[in-house]
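Throw the hints in and build the complete structure from the sequences for me.
Each chain is listed here by its residues.
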Amino acid sequence: MRWTHAVALAVLAFGLAACQKPKQVQPETPSTPAETAGTATTGLGTEAGATTGTAGAMSAAQQQALAALQAKNIVYFDYDSSEIKGEYIEVVAAHAAYLARYPNARVRLEGHTDERGSREYNIGLGERRAQTVRKALMLQGVQDAQITTVSYGEERPAAEGSDEAAYAQNRRVQLVQVP
Amino acid sequence: MSCKRCGAESLARTLGGALSLIVAMLCCMAPAAHAQLRLDITQGVRDAVPIAVVPFGGQAEGGPGDVAGVIASDLQLSGRFKPLERRDMVMRPITGSAIRFEDWRLLRADFIVVGRVEPEAAGLGVTFELFNVQTGQPLLSQKLVTNERGLRATAHRIADLIFERLTGIPGAFSTRIAYVSVDGRPPAQRYRLVVADADGYGPRIITESSEPLMSPAWSPDGQNLAYVSFEGKASAVYVQRLATGDRRRVSARRGINGAPAWSPDGQKLALTLSRDGNLDIYVLDLASQGLTRITSDPAIDTEPEWSKDGSSIYFTSDRAGSAQVYRVSATSAQDVQRLTFTNGYNARPRLAPDGQSLGIVTLDRGAYRIATFDLKTRNLHVLTDGQQDEAPSFAPNGAAIIYATRGGSRGTLAMVSADGRFQQRLSSDTGDVREPVWSPYPAAPR
Chain A
1 MRWTHAVALA
11 VLAFGLAACQ
21 KPKQVQPETP
31 STPAETAGTA
41 TTGLGTEAGA
51 TTGTAGAMSA
61 AQQQALAALQ
71 AKNIVYFDYD
81 SSEIKGEYIE
91 VVAAHAAYLA
101 RYPNARVRLE
111 GHTDERGSRE
121 YNIGLGERRA
131 QTVRKALMLQ
141 GVQDAQITTV
151 SYGEERPAAE
161 GSDEAAYAQN
171 RRVQLVQVP
Chain B
1001 MSCKRCGAES
1011 LARTLGGALS
1021 LIVAMLCCMA
1031 PAAHAQLRLD
1041 ITQGVRDAVP
1051 IAVVPFGGQA
1061 EGGPGDVAGV
1071 IASDLQLSGR
1081 FKPLERRDMV
1091 MRPITGSAIR
1101 FEDWRLLRAD
1111 FIVVGRVEPE
1121 AAGLGVTFEL
1131 FNVQTGQPLL
1141 SQKLVTNERG
1151 LRATAHRIAD
1161 LIFERLTGIP
1171 GAFSTRIAYV
1181 SVDGRPPAQR
1191 YRLVVADADG
1201 YGPRIITESS
1211 EPLMSPAWSP
1221 DGQNLAYVSF
1231 EGKASAVYVQ
1241 RLATGDRRRV
1251 SARRGINGAP
1261 AWSPDGQKLA
1271 LTLSRDGNLD
1281 IYVLDLASQG
1291 LTRITSDPAI
1301 DTEPEWSKDG
1311 SSIYFTSDRA
1321 GSAQVYRVSA
1331 TSAQDVQRLT
1341 FTNGYNARPR
1351 LAPDGQSLGI
1361 VTLDRGAYRI
1371 ATFDLKTRNL
1381 HVLTDGQQDE
1391 APSFAPNGAA
1401 IIYATRGGSR
1411 GTLAMVSADG
1421 RFQQRLSSDT
1431 GDVREPVWSP
1441 YPAAPR
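In the order they appear, the protein sequences are chains A and B.
Each residue of the first sequence is one higher than the one before, starting from 1 at the first, in my numbering.
Each residue of the second sequence is one higher than the one before, starting from 1001 at the first, in my numbering.
These are calculated hints, taken from the structure and not from any lab test.
Every residue, glycine too, gets a C-beta built ideally from N, C-alpha and C.
Mixed in with the good hints, there may be bad ones.
To be verified - Partial chain A-side listing against chain B, Cβ under 7 Å, derived: (1) K72; (2) S118; (3) E120; (4) Y121; (5) G124; (6) Q131; (7) D144; (8) I147; (9) V150; (10) E155; (11) P157.
See the structure below:
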């Protein structure tokens, strides 16, 4: 099945990201004691600071990681499908790695569809897409409490137009990191 | 009453070439600062009945209270009548005794309406008379009392009476429509919930938001609208009282809160809620806030609609793979029954006022179109020929369905008679308009 294949790949990607994590974070905290003193006293303690929910409370490492994620935060879908395609497994894995690394980080999964068909039914399809991404994130160690989902159905298109090019842009889940 | 059954009328459903004539008689003086819908006559209807509605005496022509203009526009909007152009009316009788029927026969009018507006102690008296042009026979005559502000409503009332006299179906011109309009380009869009007269006149903004508004639903008494708003960055269902603007958030549970549908007694709302991402139908008691789960299926269950007696709920589900229409008991959550089998997609069931059929969205040869589904015979009858027609809503007399379609790149509204023979389009000058819902009849006439 394609789904199990996808999960296996994603778990692998997550594993790789997790391995690199300590190397990046450990040396950074002592090197910037003045900046982080107010929010954390140890390397891993930076996450406690993040509970305040403001970007200012984030470590430089987390801010950097977050900025990197924002460049790639959309998963596109085929018509009438909620399956995560191979090319987007990395996108999901990167977000999963970040969320697992920073348990106080939050993500909002916004599910969307193209404009074809009935509006409330499309709300259901958008939700199904958001749930697929949610499950993929959870399989990669993200906590349920870190994730919220919302489905906009066809109500918030990314692209105007009634052609396949626009439809393809609109069938998507946006992973919005809430700092 | 039920016009759907008169398919026996064997007049050919041949639509003439595009007349491309735009009747913009309604476009002046909108009371609210919002784009007015207007009737676009894009298709000539060959078997529409020609009728002369002569400008009424005692009135300047062309204003919003032009009684004959409003009557003619209403009759035109029904698709069943083709009012004569005013410029062809050489004679302008204002009483029945002044009509020279041979003149109107030459103009090929089948019927003629004349009338006058006269000052009275109580305000204004509006008298109208309807005749058969061929026989000269008087068919209807009545005097209604109103005032300057009530002239339009009186004209709609007269159109209702004429329509009923000539078709046997009560008119629905004195009703209203609610719809959603959207301005701006994504992602910066402005959503408005609007209520206007059934002919699109007098749009009034009920609520507006930079986040989506959707799924308006009239309460059975016509006093409240339920709708979905994403203003809190998540969906919630609101009920708003139109007279006062007071509104109340009735459901803002985690996940989806959508697709509100009023029970026939107005006491409950059927809703779509999601628990763990799974959409199911629930019933919310508005007074007690008590919630009853109706469906439990891992598929998408949504778009509930009550049966006329309130005992069952129609809904859309893709439990069998594709979206189809089902029925379930409104109390026991038992006896889920699949209704539609024709076509690979059938959704958004809306009940006809007589309770005998559903208006639905169906995937017809690759296009989303409006159809009726007869609950007894299980026949599915496609009514429209657009590419993306959606959101059907019956007129309270059951004679027509208003729906959303695409006109070029924009969403517009359109009407089709319940037998599919007559189509008319209501378009907006700006923005997208969508999700039209036709109000019930007003409570008792005052």
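Hints the structure violates: just list their numbers, smallest first. 1, 7, 8
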